[in-house]
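One-letter residues, chain by chain:
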Amino acid sequence: MSTQIQTNNDDIQRKIASARQEARTLYNEVEKVRIRTKDANLVDFSTKIEPFPKNYNNLKIYNTLKGHQTKIAKIKWSSDSTKILSASQDGYMIIWDAITGFKKQAITLENQWVLTCSYSPNQKLVAAAGLDNVCTIYKIKSDGGRGPGDSSENGYQMYGNFYQSVQSIFKGHTAYISDCEFISNNQIITASGDMTCALWDISRGSKVRDFIDHLGDVLCLDVFSPLKESNNPNLFISGSSDGNVKLWDLRSQSASQNFFVSNSDVNTIRLFPDGNSFITGSDDGYIRLFDFRSDCELNTYSLANELAQQQRQKQIQQHQRINQNAKQPLFSFHRNNQGSNTPTNERFSLQSIYSSIENPGVYSIDFSKSGRLFYACYSELGCLIWDTLKQEIIGSVGNDHVNKINQVTVSPDGIGLATASWDSTVKVYSA
Amino acid sequence: MDHSYNNNNGGGGAVISASGGGSQFATNSAGSNVISNRIAVIKLKRIEELNNRLKETLRRERIPASNSCLLLINHMQETPDYLIPYMYKLPIEQNKFLKYQNLKKV
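Protein sequence lines correspond, in order, to chains A and B. Going by the working numbering, the first residue of the first sequence is number 1, and it counts up by one from there. Going by the working numbering, the first residue of the second sequence is number 432, and it counts up by one from there.
FYI, nobody ran anything at the bench for these hints, they're computed from the structure. These numbers come from a predicted model, not from an experiment. Cβ coordinates follow ideal geometry from the N, Cα and C atoms, glycine included. Incorrect hints may have been included.
Stated by the list, open to error - According to the in silico footprint, chain B covers these stretches of chain A (three or more CB under 8 Å from chain B):
1) 31 to 44
2) 195 to 202
3) 265 to 277
4) 289 to 299
5) 406 to 417
Unchecked claim - Across the chosen pairs, the derived CB separations fall in these ranges:
6) B:Glu479 / A:Asn111: 42 to 50 Å
7) A:Ala175 / B:Arg477: 46 to 54 Å
8) A:Thr70 / B:Lys520: 36 to 44 Å
With the rest of the complex left out, here is chain A (with noise of 0.2 Å):
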């Protein structure tokens, strides 16, 4: 009997011998043929296109949303880009009108803990969800149907009041909620610290599936949209803290495709607008951008590396115009200061930044309508923007919040931006 078991035990042994060879073998092919695709990078290929003009500051600031107590969570657009959604840990979402700048519903959560926040297509459905491990969906009355620009009496008062009406509490993750998307007016996707995403259906009012395969928390998720066409509305992504990222197809339990990102924390990723490619922030500092098609890495962007670069181009014209009075700085991360009597202003002057991060990580991304631009969060240095094909950061925004700006977020018909802050206020930016 033993022995049977003994020689048993030998021969899966040698079966395990063997397929471990053979995945080394595999794993090196898989390496050959990703060094082959990548045969180039997105700078090499832009160097005919024209970059933008230094310091380029091309926002103007349309509104800012004061309303809430605290720091701000999450932010979304809605579908049509009129409205903002914002959820806070003061217990309450409030919806905005992005254009006017009113507040249109305030609903009032039913667990205060909020890490994020999603906004039905169809405009009739929010849900929250964060430390509580559950994901909460909230019914929204319908406005009325005042319009933007509408200044009758009512419209500078927030109409609806404060309003609670849940739909579905969907419970079933062990640990906090980071991010929830809708995939569809029926559906939504959550991705949670206990290592797994889930697909939620609001009309059974039970969980679909579970996407299980990251090996850290799940930190950030992105649909393809399902406004967009050209778009797959069957899959979605999401980034982890074990430094990868994974594209789900929702009819399968494990993911279709992997990137590894590097060893730290994927806090923040965002998908290219036409869906092929996506871009991470990493706890590194790192943003990185991926393409679907040819399962690789197109370009890095270092902050570290940039700012060193300014710090040289600043050197050499300061050494140009040695004689000039004029030391006019090549570019400003300068905090505006109207409005804002910080006294940490000077922090954010580029040469203290060089000397004084210490905590590099990108929080928030998002691309322009075109993806030519990116917006990134950096955990010390406001919104930055960064030109996709040149590598380069031409500008900064939301300079005029007071504290850490934690969000990005462009509206879905790319004329407006709305950044959100610490400093409990959104603020809406067009050009």
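The hints should help you fit chain B onto chain A, whose structure is shown.
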């Protein structure tokens, strides 16, 4: 499970390192022999799963990165982007923000 892998394959690497423990479960008694046998079977299954995934990865159709770059640049140049007024100017009547601001002034 070991999280400290640094290869390009994500989950796959961890499976290899996790299964590196060898026969540390093997003891003298027949009962634990059966258990270690089962563990070995599970290990084998996991490696086979990994191999299948690697094969899938290998089979995936890829286009060269240079082509992806060109497609990306193409998209950037063909999509009007009104957050870049340097290149694309949004007509005032289409800018709802500006329109409302003007309305307020009146």
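Going down the list of hints, with the structure as the test:
no.	hint	in the structure
1	31 to 44	holds (count 10)
2	195 to 202	violated (count 0)
3	265 to 277	holds (count 5)
4	289 to 299	holds (count 6)
5	406 to 417	holds (count 5)
6	B:Glu479 / A:Asn111: 42 to 50 Å	43 Å, holds
7	A:Ala175 / B:Arg477: 46 to 54 Å	24 Å, violated
8	A:Thr70 / B:Lys520: 36 to 44 Å	39 Å, holds
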